Structure formats: C-alpha cells, structure tokens
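Residue numbers (my numbering), protein chains in the order written: chain A, 2 to 236; chain B, 25 to 198.
In case anyone wonders, no lab produced these hints; they're calculated from the structure. None of these values were measured; they are calculated from a predicted model. Careful, some of the hints might be misleading.
[Claimed, not checked] Pulled a few chain B residues facing chain A out of the computed Cβ check, cut under 8 Å:
{"no.": "1", "residue": "A50"}
{"no.": "2", "residue": "Q72"}
{"no.": "3", "residue": "S76"}
{"no.": "4", "residue": "G79"}
{"no.": "5", "residue": "K85"}
{"no.": "6", "residue": "W89"}
{"no.": "7", "residue": "L95"}
{"no.": "8", "residue": "T97"}
{"no.": "9", "residue": "L102"}
{"no.": "10", "residue": "C160"}
{"no.": "11", "residue": "G170"}
{"no.": "12", "residue": "A173"}
{"no.": "13", "residue": "V178"}
{"no.": "14", "residue": "L180"}
Glycine included, C-beta positions come from ideal geometry on N, C-alpha and C.
Each chain is listed here by its residues.
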Amino acid sequence: MNPQRDELQELWRKESTDMGVGAKGALPKGEAAGQAEASRLRRSVRRDGWLKIGALLFLGAALPLFAGRFSAAAWGVLGFSLLAVVLGIFQLAWSSSWRQESPALPLVASLAADLELWRRRRPALAVLLGATPALAWQVYQLAYLALNPGRSGRLVNLLFLTAGGPLLWLLASWRQWARLEAWLLQIEGALAAFDENAAANYLLARRRAGRRTALIAALLMILLLAGTLLYWLAK
Amino acid sequence: MAEDTDRQREEAYLGLLAQHGRIAPAVARLYTPPGEDAADLEQEIRLQWWRSLAGFAGRAKASTWMYQVALHTALTFLRRRRRRLRPEPLEHAGNVADPFPHAGGREDRRRSALHGALARLEPGERALAYLWLEECSHEEIAAVSGISANAVGVRLHRIRKRLKEMLGTGEEER
C-alpha cells in the first residue's frame, strides 16, 4: 500500500480492482445507443425545421379550397406558409453546418468554448424556434378569414390576426430564450466549480432565468383571460 | 493506403482502450443519475474518444487526454438533467446513499457511501474529486481541468473536507 495514499483513494483503488472495470476491446458501433445532449438539441432544431417545411403539405391540401376566392387573406396564407418553408430550409442548413465541438481540450477551455458558441447561436435559435407556433397561428387565422370572408370585420378576428401572431412569436421566442439559457446555466454551473467568478455569475443567471419563467407564465395567463373576455364581449 | 490509416487508427484506439478503458465506465457511473443505465454515457465516451483520436496526436499524456474527453463528454451529457441532479446542501446530506448500492459488509457500505457523497458534489467538483481518487498528480489534474496546479490544491482541500464530512455524517448514522 502506498503510505501517501489517502484512505478514500485506497477505497476507490480497491473497488476499481474488485470490479475489474477494464477495457472492452471493441470499436464503437454506431451512434444509436449513446447520444450526446448537444446532438439531441441539433435533432430537435432539425425536427422543427422539417415541421416548418411541412407547411408545403398544408398548402397543397388547402389551395383547392381557395380556388376562385383569392382574397388578401388567401394570399396571406400563401405568403406565411412560404415564409415558414424558407425558414425551415434555412434552419436545416444552419444546423447541418454546426461543427462537432472538440472535447480534447482542458475542461475549462472546452466548457468556455461551448458556452461562447451557444451564446452566439442563442438569439437566432430562439427566434427561429419561436417562429413555428406563430407562423402556424397566422396561417390558421388567415385561412379562417379566407374561408369566412364575412367575419374579417370582427374586432376579435382583426386583433387575433394583427397582434396574435407577432405576440405569439415574441412569447415563444422568449420561452425558447429561457430554455436555451438553462443549457448555458448547466455549462456555467460546471465552470463555476472551477472559477470563483463563474460561481457568482451562475447564481445571478439562475435567478434571472427564474424571474423570466415566472413573467412568461403571468403574461400567458393575462392573454388567456383577455382572450376569454374578448370572446364574451364579441358574443 | 486509406485502409492502412484506418487500421492504424483502429489499433491505436484499441491500445488506448486496453490501457485506460476503465475510465469510461467509472466516469459514466459518476455522472449517471440514480436509477438510469450508465451504458449510454459509457458508449458516448468511447465514441468521443474514437472521434477525437485524430486530434490527439500524442501531444499530451494518453491518460490526460482520455480523462479530458471523458469528463467533457459527461459534463455535456448532464446539461439537460440539471434539475434532477442538483446536489442537496451539505447540511441535508446526512443519509449518503449510493445510487448503485453494494450489497455486503462494512467496506461495501463505505464504498456505497463514497459514491453517494460524490453524487452530491457539483459536476465540476466531482470531476476534480474523481481525478484525485484516481491518484492523478496536481499537475495532471491542472492539465485536464485547465486551472492552475495551485488552484487545484485549494479546490481539492475543500472537496476532500466536504467528502469526509459527508462520509463522517453517514457513518455516524449507521
């Protein structure tokens, strides 16, 4: 026994020996079993991209319904659906270009590089992912008005059309922003164990994320109540 | 020509695995949440070793490089599991239970308690504690983590104290 060895190190060494945790002499077979969380985010961005491109299917099915009544609302459906498709294609191309991060750096450097990379990607990612529900909402609203032209004068429908989509985009992007912040917090949390300043920043960032989540929840509640109220007033 | 390069890469990989492959299951076990299978993370670590082998080129000690890749992969893996893994404050750490309990005698219980105590450290601290348990020198830990050897000494002093406090509390309860 090494006289310099601590009691805990001795315990750890014995366990390693007893368990015989040795090498399994094999090459990694495919990537299906073990998937890094970063790959999962990339897949979720790609799925969202395909969902946007799926607007083409909707257009294909909906266009015959608009035949002969190409109003401004029908052109709006077409425009917003095509915007969704373009954004989806951009999203797929962008996520494909993300390089594989190198894990072969000292931990602090790797984590700091990850943090910087995701900080730079975060605004665009939040806006892109937040656009999906907003575009779907806008297309639905316009399709409704195109098929029911008599209802386009109602205040509630006008409000939903002009304010609903942009507001939903804003809120969904804000939610995505907070979701991505949780990712960054995890990296900062790991960095915090190595760096005293990072520990303080981590605590501040955690509080900020908590406040934002509470604010988003409150705003959604207010919107829900306002929507219900408008519906009753319109009746 | 390309086949020769592939074979060389494969041989280098298998050689490294034979020498230091035990790092993968040990790190996977350290960073896998209780009740989950560590095989996914273990596989991911092996995959990252394979992928980044070309960038290794023997500039660092093989073990240093393998610790770096394994720990970075594990910390990346943890990002989305933050809430489930957030450690309890030290004062609540009386009952130090191992997520992978050992059946058996006193020593088995002590090992179990050690794993439980490690699971309660912050992920970065856990990396430093693991490297210390693996008997890496301060210089090697500094090379893996990227902080200075002096800072490693200070951090390890605190971490060892915390580990011993947690284990002391756990043993008193038995």
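Results for each hint:
1. A50: Since the shortest Cβ distance to chain A is 6 Å, the answer is holds.
2. Q72: OK, holds: Q72(B) within 8 Å of chain A, min 5 Å.
3. S76: 4 Å, holds
4. G79: Where the cut-off is 8 Å and the nearest Cβ of chain A is about 5 Å from G79(B), the hint holds.
5. K85: 13 Å, violated
6. W89: With a minimum Cβ separation of about 6 Å from chain A (threshold 8 Å), the hint on W89(B) holds.
7. L95: L95(B) check passes; min Cβ-Cβ to chain A is 6 Å, inside 8 Å.
8. T97: Interface hint status for T97(B): holds (6 Å vs cutoff 8 Å).
9. L102: 6 Å, holds
10. C160: 10 Å, violated
11. G170: Holds, because the Cβ-Cβ distance from G170(B) to chain A comes to roughly 3 Å (cut-off 8 Å).
12. A173: 12 Å, violated
13. V178: Check failed: Cβ of V178(B) comes no nearer than 10 Å to chain A, outside 8 Å.
14. L180: With Cβ-Cβ at 10 Å, over 8 Å, it is violated.
The structure is inconsistent with the numbered hints 5, 10, 12, 13 and 14, although it conforms to all the rest.
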